[in-house]
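Undergrad: What follows is the residue order along each chain.
Number of protein chains: 2
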Amino acid sequence: MKADARARLADARVARLATVTAEGSPHLVPCCFVLVGDTVYSAVDGKPKTTLALRRLANIAAHPRASLLVDHYDDDWSTLWWVRVDAAARVVADPGERELALERLTAKYPQYVRTPPPGDVLALDITRWRMWP
Amino acid sequence: MKADARARLADARVARLATVTAEGSPHLVPCCFVLVGDTVYSAVDGKPKTTLALRRLANIAAHPRASLLVDHYDDDWSTLWWVRVDAAARVVADPGERELALERLTAKYPQYVRTPPPGDVLALDITRWRMWP
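Here the protein sequences come in this chain order: U and Y.
Just so you know, we're using the working numbering here: the first sequence kicks off at 1 and counts up by one.
Just so you know, we're using the working numbering here: the second sequence kicks off at 1 and counts up by one.
For reference, chain U alone in the conformation it holds in the complex (with noise of 0.2 Å):
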């Protein structure tokens, strides 16, 4: 099960990053993401929502505990899958795992070629796996 879960999970473009507020209600982002070994990273980018960015770093100071679900719908409901990590969730504070995660993300996504990621760096270390059907 888990080499299946890894590859969905790996090859997905986008994902669902939920982590909980101080006051600990849920928040929910869209995000791109890269996943080496047992740890998911994922740049806060630079575009106009730096709110929100900060929110999801304010939230994992406050509650480490993520969760990211990636997931394939259709009409045809036989198809559907998911894949769902929970794990602790911490900023990238060394700088070689820095540039190891922007290397990554960049691999993945060409898009971060031309503009790299500014902000920092959230590292999910996975704790445990869940994946549907």
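Read the hints as simulated data drawn from the structure, not as lab findings.
For clarity, every value in this text was computed on a predicted model and none was experimentally measured.
Any given hint could be a false lead.
Any copy, or any two copies together, can satisfy a pair, since identical chains are not distinguished.
Stated by the list, open to error - Taking lysine to aspartate or glutamate pairs in the EDC-like style, the calculated list, with each CA pair at most 16 Å apart, reads:
| hint | residue 1 | residue 2 |
| --- | --- | --- |
| 1 | 2 | 86 |
| 2 | 2 | 38 |
| 3 | 108 | 75 |
Based on these hints, arrange chain Y on the given structure of chain U.
TA: Chain Y alone, transformed into the frame defined by chain U:
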């Protein structure tokens, strides 16, 4: 803004629902849904994911806050958008409201005609709209 957000939410075929577990961790599942006024309805269907369906219901019993996201991804990042609603979540108890919700769900998803969802219906009473860009 809200008219655009409403149309995008109403038209989306799949959304992602975030809740918070009793232990304070985020929980995330894709779901089908229908927007009626300022309430989102989603059925807990009969697929073999009973544990997860129960999890969703246990979560909202412990923490009645939910967040629901619809988004558009394309490798042309100039076309990206998302709409998110934060909501108070509840299981529909009123038989008339349940009937209405199932009618609207079935009108949106013909898949439900053959196999009506046998389980509970979740209601998310929207308290906040957010959209990007």
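Undergrad: Look at each hint and say if it fits the structure.
TA: Results for each hint:
no.	hint	result
1	2 - 86	within (14 Å within a copy, 32 Å between copies)
2	2 - 38	within (11 Å within a copy, 39 Å between copies)
3	108 - 75	between (28 Å within a copy, 11 Å between copies)
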